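> Spelled out, the chains give:
6 protein chains.
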Amino acid sequence: MTVKLGELTWQEAEERIAAGAVAVVPVGAFEQHGKHMPLDTDWRLVSHVAEAAAMKASAKVPVVLLPTIWTGFSPHHMQFKGTVSLSLSTFQTVIQEVCRSLWTHGFRKILLLNGHGGNMAPLRSIAAEMRFADQVRVAVASYWDFAVPDIQSWRKSAPGGIDHACEMETALMMHVDGRLVKREHIKNALWFPKSGYLSGDLTIGGQVTISFDLAEISDEGVAGDPSTATPERGEQLFNIIVDRVAAFIEHFFGWDWSRPDQI
Amino acid sequence: MTVKLGELTWQEAEERIAAGAVAVVPVGAFEQHGKHMPLDTDWRLVSHVAEAAAMKASAKVPVVLLPTIWTGFSPHHMQFKGTVSLSLSTFQTVIQEVCRSLWTHGFRKILLLNGHGGNMAPLRSIAAEMRFADQVRVAVASYWDFAVPDIQSWRKSAPGGIDHACEMETALMMHVDGRLVKREHIKNALWFPKSGYLSGDLTIGGQVTISFDLAEISDEGVAGDPSTATPERGEQLFNIIVDRVAAFIEHFFGWDWSRPDQI
Amino acid sequence: MTVKLGELTWQEAEERIAAGAVAVVPVGAFEQHGKHMPLDTDWRLVSHVAEAAAMKASAKVPVVLLPTIWTGFSPHHMQFKGTVSLSLSTFQTVIQEVCRSLWTHGFRKILLLNGHGGNMAPLRSIAAEMRFADQVRVAVASYWDFAVPDIQSWRKSAPGGIDHACEMETALMMHVDGRLVKREHIKNALWFPKSGYLSGDLTIGGQVTISFDLAEISDEGVAGDPSTATPERGEQLFNIIVDRVAAFIEHFFGWDWSRPDQI
Amino acid sequence: MTVKLGELTWQEAEERIAAGAVAVVPVGAFEQHGKHMPLDTDWRLVSHVAEAAAMKASAKVPVVLLPTIWTGFSPHHMQFKGTVSLSLSTFQTVIQEVCRSLWTHGFRKILLLNGHGGNMAPLRSIAAEMRFADQVRVAVASYWDFAVPDIQSWRKSAPGGIDHACEMETALMMHVDGRLVKREHIKNALWFPKSGYLSGDLTIGGQVTISFDLAEISDEGVAGDPSTATPERGEQLFNIIVDRVAAFIEHFFGWDWSRPDQI
Amino acid sequence: MTVKLGELTWQEAEERIAAGAVAVVPVGAFEQHGKHMPLDTDWRLVSHVAEAAAMKASAKVPVVLLPTIWTGFSPHHMQFKGTVSLSLSTFQTVIQEVCRSLWTHGFRKILLLNGHGGNMAPLRSIAAEMRFADQVRVAVASYWDFAVPDIQSWRKSAPGGIDHACEMETALMMHVDGRLVKREHIKNALWFPKSGYLSGDLTIGGQVTISFDLAEISDEGVAGDPSTATPERGEQLFNIIVDRVAAFIEHFFGWDWSRPDQI
Amino acid sequence: MTVKLGELTWQEAEERIAAGAVAVVPVGAFEQHGKHMPLDTDWRLVSHVAEAAAMKASAKVPVVLLPTIWTGFSPHHMQFKGTVSLSLSTFQTVIQEVCRSLWTHGFRKILLLNGHGGNMAPLRSIAAEMRFADQVRVAVASYWDFAVPDIQSWRKSAPGGIDHACEMETALMMHVDGRLVKREHIKNALWFPKSGYLSGDLTIGGQVTISFDLAEISDEGVAGDPSTATPERGEQLFNIIVDRVAAFIEHFFGWDWSRPDQI
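Chains as they are written, first to last, in our numbering: chain F, 629 to 891; chain W, 629 to 891; chain X, 629 to 891; chain Z, 629 to 891; chain C, 629 to 891; chain U, 629 to 891.
No lab work stands behind these hints, which were simulated from the structure alone.
Treat the numbers as computed from the prediction; the structure is a model and nothing was measured.
Honestly, I wouldn't trust all of these hints.
Each pair may be met inside one copy or between any two copies, as identical chains are not told apart.
As the list claims (entries may be wrong) - Restricting the straight-line Cα-Cα distance to at most 20 Å, the calculated cross-link-like pairs of lysine to aspartate or glutamate (DMTMM-like) are: (1) 810 <-> 640; (2) 822 <-> 884; (3) 810 <-> 642; (4) 815 <-> 889; (5) 810 <-> 847; (6) 688 <-> 871; (7) 822 <-> 878; (8) 663 <-> 635; (9) 810 <-> 643; (10) 663 <-> 640; (11) 663 <-> 812; (12) 810 <-> 848; (13) 822 <-> 841; (14) 815 <-> 640; (15) 663 <-> 643; (16) 632 <-> 642.
Assemble the whole structure, with the sequences as input and the hints as a guide.
This is how it looks when you write it as structure tokens:
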């Protein structure tokens, strides 16, 4: 049976709500990904991960999957043609109103599953605001957050290799929709700041946050090393991530918000 | 070759912009459609129409298709489980910022192709605002607006038969994704106001506008008569609408905003 | 006895509310109307229509008339000196807060009677928002909406003749305040788009909506044919419109919002 | 010749702007004024004062008069039926956008002439904001500010006698539109706070500002002593105020913003 | 025992709230004060006054002192380096949300004690809005408002001498933190408008309000005459003001909002 | 010489700007810290750290220190008396407007030095927004971010021991202002979620973010183990953190935004 909320009638949605279903809301972006990957890369990857994980988890717990929100927060990519970005406040408000709708209907386990680094701080911010201004509780994570140690084992690139249109994203894309990867344009565009205070890798934290325009650090819009990506490596990582996300969905289902000591 | 902007790289997007491509932005909703159709009906129909029309038109003129904005303005359906609605100002601002992104990159022919009646006045409003506050020009229409006389010939239902989860939507849905229509739940739920000042049919204008909550007029969330819908009739109407929308895209491509006397 | 709410004390207002009075809120604009009509044309016409209709209806049902909101949504006229326009969100919020005040006091039949084409989509939008965000119900119509067939019989001009500073507005103005019409500046400035998708006439619908700056289509700020306007024809049309609006007010009084099946 | 901007065409407005005309924008309110005066008292008084002063001044300097903004900031009167109030931010934004329209067209002398005490701090606030955020300069005053010493000589009431629906407003109203004053309901409802820190009189400053709901201090919505008001005394005061406002308009015309040392 | 709320634990705060403590919220600014005084002058003066007055009053009534809000409304000083200013709406919203927090906890006597002239109208405006939109009551005054007659006796300067970086502020600063006053840069920069309608002195009202940029009237950013300021005169005035503010705090404690007739 | 911008005149500020001074903007909060620490703990700690680090760095590079923004984002502490919190959008806008003021004057190295965990995602979010909407660049970090490895060596508590009113904050507070720590109320209130997906320690990342109300996890408002805190350990950690922050300030001074490859 489908996990897509969009494929259900309101009556069926009502049943899922009554069953305590986890609602997975994928959040993507629509931004340039170099000359070798398409504008909808973030949307596509998070949609695939979310659907596969929701399907897997649904064998054990009730789950519904929302359509992916494709309008993300990507001002740092606007120098490259085709990128669509909301402003910070609009992005945050869209998330807030979508979650408020779900909460109103009775969904009590909402997972904002993110697929774009630049969305993360805004998502965490609005999640805190919703908790208190709207009494709406959500959990927030990027799909890679569930698999950082796995990614570190998996990677071949040096620090800076996994950031944007990078080793990870390219490999995953080769797996989920290889026809959209233009291999002739793949090249190592690894970038890591000189300053030890900063990071240029999705899986490595930095002490200090600053915001670069991608155009400042790359003519082609790539920050990472996609050169070792293969469909096989993509499939391997995809499966790991999906397992991890599915495991969290099952785990999340078991939480009782009224018993924080048990969470 | 694909018409989906999301499947292009920024470099390819740049080429389409240079060619003067029409950018089609489908705008849907995520709202209940009775017991016989799914929550994503509006999203699904406008996406199918937009893609088919963009494909058809692309044989003659350059076109790109954006992902469908699925977060619409549907407060009147919130009584039914699963509906997701933005507030008016958020909905309008999302549209504004998406179009602003496109305009910034150089797209000069933006078509907001709508698939939900409740979005229409907000879309027209923000289109006027964008024209002057942002210097962004767009064209706005619902897909059925292009085919009102055809629909009137095609229909079997009395006035009130084509409104929500209705003869038209059900037939179209049977054609584009029949597995999602629950035929056992189809029944005539035609509704038309008693007052001659009002309308309860998408294709018939009224003198006065008021807003009903769907729950006030229907226990099941249907306003219309889906009972005569068939896949064949759906295909017939779908093709007409697609032809009409494609024709407009081709026509729109030819406009020169600096020559309003020629438009 | 006066129908003007402004001429009543709060105590008398209380009585009208208790009687279930219809509250008529005229909404105008303050924008250029060519070289032959004044900046307050929209305000003046809708004020006259509203007052005459409210007076007429008050013989049968309780009515109160609010002062006309003169600050409309007219960005497309700002190239012409003297035009005053609110932004979209401010215009919508003013309407929302005025109606909220009235609803708070107990008015349950609020008619937003519009006199400027550019206000219409914003008014319909905010009416839907108020219905659900504020639980405030209103009815929205432009005064000419009540008389489209009459206008079509009455008119002498071709399509495009009735749009802005046009046959209809000029004739009505000659009737209600002829001293303000500069006859020496009247000339036929009929404008209708070449594209069959568009309309350039208030009484004719178009399939597609776009926004022109009036300055793009007319040096003088006129879109229509005022050349056949006379005070007599103005009086004739004014009386028809007033009758139609008054009839709706009487009809509206009879609605019971809790019985949507009876509306 | 008319001073009303609304009665001019855009072409005539252009001429007035070229002549450096002072633009007078009266700002009223729509709020209860006890059992003896109507809801539009503030609108009516400021409109009369503004028109008479503009007419008088226009004998010497070019002046245009805008329609009175009747939607004021009156939350403290909402307990009484019929009052219409905007929220603070909406009220301020309306003022800002009206003045911005005027400035855009070239008006450089904008006088916000206020007729409601509760509007004053919001008007002063937004005037400062406009000066720097929009580069729009305005002058702000309530009509009585021009005549405080005259009012003090004229008054018969003790402190607290001139505040709301009071000696001054009642007398002025008797002069400008006596039919709207219900004399049988006039009684002394003078109110002055016990605390020496506060004021309860429009013409007397207090050290500390707090906000009362009118319903907290008066069952009838009056704070003042209208018992000595007569049409003759109203006329006398009206003429003084009009002279004072007209004198300021003439004086204001002479200012050169680029020479602040001469202002 | 401390009056600073910030030095209390939440438990101790609870006790003060239970005792009905007056909450003093000093509001400053961060703006240039000529070549002889520092950017934090307004913050510093209002902080010193507030603390001394709160201490004094606390001998008789329970008081808590909030940290000074240093982000004021100072767009008219932005031409001078170092000034930090919020926009009007942000400034007003900060005040609103701080007061709302206090009210939520149970504080019922909130004094917004202001130390910057430009904040005053915005503070009064938002105080009125809070009273009705949030049901939060506050009292608003600038510290000098409590001592205008005293200041007039104390002053040596002509009108215009007490406005910005002036006789009063310089003397007070010499007293509270003399090391921050650069005496070599003190000179008479008294400014008073030529127009009799305006004022250029904090202690003198004007009929009309306009907004100057300080840079328009002074190269050095001073409007006033600090030349006669001495530490001794500063101490004298400081003590008077502190006494006056303390007296109000004690008085304010005694108010019962539910008995407006006793206030 | 002082590093406090507030103690400088505008002329001196101008010199610091010309010298390329780093502007340090400490951002605190005003929220409960259990029964043993005061409401201004976050404000106090970040102020002390910022001042000491700015002083230290100023021996080598020009630095100015802004007053600490004490109005933070603390909705999760509002159940405890005395907490003051802004809403998310107001908090973000205050930061944006303060930084915009600084950037306007010419400051090009702005460090938002944070002292409250809940502020971090909002600060990172608005920093990204400012970079593109306002062309204002800032660096963002919490003071502890500079010393995570040091803190891990220093700590005695298990995971969960350093979170709120915790081992770290208590020790630091004992050092900077010991009189404000109520030792009799110190007890181990270590809290760490059961779920392996979450974190309850400032120095340990979690895969998933959710928002607890402090009142849900602690009756006293403490999440951490302050029981081993001593002034000596506080001094030791304070000095390490100050060194680290000072080192970053010196390093930051050297960045050239126009040479991102060198950063």
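> So which of the earlier hints does this model not fit?
none
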